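Build the full structure now, drawing on both the sequences and the hints.
Protein chains: 2
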Amino acid sequence: MADKITSREADYSQWYIDLVRSAKLADYSDVRGCMVIRPNGYAVWEKMQAALDRMFKETGHVNAYFPLFIPESFIAKEAEHIEGFAPECAVVTHGGGEELAEKLYVRPTSETIIWSSYKKWIQSYRDLPLLINQWANVVRWEMRTRLFLRTTEFLWQEGHTAHATPEESQEEVMRMIRVYKTFAEEYMAMPVIMGRKTDSEKFAGADETYCIEAMMQDGKALQAGTSHNLGQNFAKAFDCQFQTKEGVLDYVWATSWGVSTRLIGALIMAHSDDRGLVLPPKLATRQVVIIPILRGDKAAVLAKAESMAAELKENGIPAFVDDSEQNSPGWKFAEYELQGIPVRIEVGPRDIDKGVCIAARRDTLEKTELQLDATLAVQVSGMLSAMQADMFQKALRFREENTREVTDYETFKSAVEEGFVIAHWDGTAETEEKIKEETRATIRVLPEESDYREHYHMDEPGVCIFSGKPSSQKVVFAKAY
Amino acid sequence: MADKITSREADYSQWYIDLVRSAKLADYSDVRGCMVIRPNGYAVWEKMQAALDRMFKETGHVNAYFPLFIPESFIAKEAEHIEGFAPECAVVTHGGGEELAEKLYVRPTSETIIWSSYKKWIQSYRDLPLLINQWANVVRWEMRTRLFLRTTEFLWQEGHTAHATPEESQEEVMRMIRVYKTFAEEYMAMPVIMGRKTDSEKFAGADETYCIEAMMQDGKALQAGTSHNLGQNFAKAFDCQFQTKEGVLDYVWATSWGVSTRLIGALIMAHSDDRGLVLPPKLATRQVVIIPILRGDKAAVLAKAESMAAELKENGIPAFVDDSEQNSPGWKFAEYELQGIPVRIEVGPRDIDKGVCIAARRDTLEKTELQLDATLAVQVSGMLSAMQADMFQKALRFREENTREVTDYETFKSAVEEGFVIAHWDGTAETEEKIKEETRATIRVLPEESDYREHYHMDEPGVCIFSGKPSSQKVVFAKAY
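Protein sequences, first through last, are from chains A and B. When you number the first sequence by UniProt numbering, it's gap-free, plus one each residue, and the end is 481. When you number the second sequence by UniProt numbering, it's gap-free, plus one each residue, and the end is 481.
Treat the hints as calculated values from the structure; they're not laboratory data. Given the structure is predicted, the values throughout are model-derived calculations rather than measurements. Honestly, I wouldn't trust all of these hints.
Since copy identity is lost for identical chains, a pair holds within one copy or between any two.
Stated by the list, open to error - Derived BS3-like pairs (lysine-lysine); straight-line CA-CA distance at most 30 Å:
{"#": "1", "residue 1": "K332", "residue 2": "K245"}
{"#": "2", "residue 1": "K119", "residue 2": "K57"}
{"#": "3", "residue 1": "K119", "residue 2": "K298"}
{"#": "4", "residue 1": "K434", "residue 2": "K367"}
{"#": "5", "residue 1": "K245", "residue 2": "K436"}
{"#": "6", "residue 1": "K313", "residue 2": "K57"}
{"#": "7", "residue 1": "K4", "residue 2": "K120"}
{"#": "8", "residue 1": "K77", "residue 2": "K236"}
{"#": "9", "residue 1": "K24", "residue 2": "K236"}
Given below as structure tokens:
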């Protein structure tokens, strides 16, 4: 079973690493900075992929696959892009036993290689929009790594779209950041703030970057997804022009957007506890474990457990029985709490006599008596739905309790150690940089949602927390992963 | 629409490339030897992945993800393995702006990186079997490339399993090659011969390689999947020992097995024709296109087409309407034949008056009148099932017609230019090599299936086609992709 997991209170960072490794979600590999995503962790990624892929297709996107390698000259075509990415690339210099004439970068992101194809595919407005997504691995050389959150190689999806007008591309940017918000909140049960990044935090090569930001249990922020308005930057870099409806030539308008296996780290940090993983039911491959208490008429108990599992599965609830006799029920309880199975059901001979079983929810650890009758699947389904909804509400409450509106810099400095801080900013990169230097807090997001803006009075004018200069709006500061 | 596709008769190789590019399945990229899998091609891969992934899970496997990079010293640990793979690897020498202390190979296959993890995960027989699959990209430097069939980077799945006994690992090897055979025949409608490879054709590092071999329309063979019995080779290379039930230490027994995007090339070469792609319905994302003939009461025709599509979709048949007025019905017929939509339905005002529509099957181009009544979905479903079955039978007949049993070397030399040749072989690598040098034909497979062996009298003793020495069995020779 599990090695002991450090408590969150004792050492939050160590708790995270202990949990990831004990629950067999991921492990460091023998390759510097690269992780192995173990089957338990990969199963979560598969559930995420399935939900996201469906949402991408419902919004008109198709999947494709572009090369892993990018010629050095391609990366260099977009000035900000190469400045942002070149220093963190892995570089292939030899292939097939020979030194290459041109170095190949292992993709850190695929704008350049994709736009070199789009240039060939797009001639006229009739070829637009082009709405393509790719599921792939990418590599960014990292000095300090942390499983799922920051590794040299990670898995992600990257959408790359091409449009005839800036209005359409901006619509796409917003559509996709909203898809991410819906996914984060409805599947991951993780509330997120949707909004814009400041210029200094945006993607290298973008005109504008939108993001969703979540709060972890230590009060830090985690950027959970981004959607970029690339303007005509990459079309110009790759000379990708099209004939408009009006018959003139124009450069194509572009977006890109992505989420990665980082989301698994976010999921863990948002919900899990000192016993192990807490998984929202919608992302659990196995939602219910049934543990038979093998006393008295063992065969009858086991048969009951199996028939319960069969009934749940017939009703679309993935359930399984752990009937191993080498481990005690107590050991199993701990093991499945560690693994984050959303609902545990125990059933013994006395329960069967009474026509009941005991179900425990992983998030609250609350036990409920369920009736062993034809409504079993309905009862369990109700527990799972309630758990999904309650996890979101709990995380939302936590975020609200750990968000402070602050007006003086001294309070600001202590407040950013605890959670999100809403404060006035004078809009300059200098102030942003100085605050970062002094506190390590950054501007996470300029929220776009009116209910959030109103709740925190973000549109009331005031003075900058740092410079004292006039400020037209408040922004969200936090320390971040 | 499509550029003209060269006919198979005129130039089979050019036909293939023309088809792949005209149907927008894939394209060469600006990176040497690497392809772009375009949305139409990737959709086929997604259908293949879904079916295979389900079959892997039904046989007890789970997915995981291991690093892209393999330290040079790992590849070197298994002697045959490094000899086979090192010359065709892409090598990363720089990362994060600095030269690396140890070179990293971009994985050509993952046995070594995976066994370096398995060593940590396996201590006792209780940890076995370990049944893991990975969906990933791999890189093998290729001098002469061909879209899907041979490219520097390709996508695949690689299963890597660990077992306590050689019997169990051999069972796994056979289970998975049979899964591949089932997939090839039931989904791809492509008959395959299942059997063993000779020593010279087996995987670098395997004790034994099993394969499925298919015949393309030019009579050449294509290896469509392999399953390797790795013995204890990788366990020994990585010092991966476990405590047996009996309490002694032993090395773990291993298998690996894989199929790749090469299957898309096989699918095209097995079934397609001079008009374009012919897709078996089970691998078609869009199974039915409805083309309204927009004459007379256009709105009524369009409404009928839409209601037909809705009815088909409700019954699980993915159908869509092409109602664009800028292209003629004739243009659309050609376009969807090129794209390989299995069934095309045309419906016009006169059809509606008569209560019928005209459906055409892509494989035979045969037209059938369907009744526009409540049984429409049943009628279409019947067409799709018949098409799936007929495509398999046609390919099987083709293989049988192009397989010859040959007893003299002169006939052999001309026969291998046409198709598969069943002939006696003395069992030596020397003979195998000389035949390859003289004819470019190789021993594709030592069939394992008794019906195939009996049909071609493979177990009757005789004399080697080349050396005249005694031979205990016949084998299958062919030129191959």
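Taking each numbered hint in turn, which are not upheld by the structure, reported in ascending numerical order? Those not satisfied are hints 3, 4, 5.
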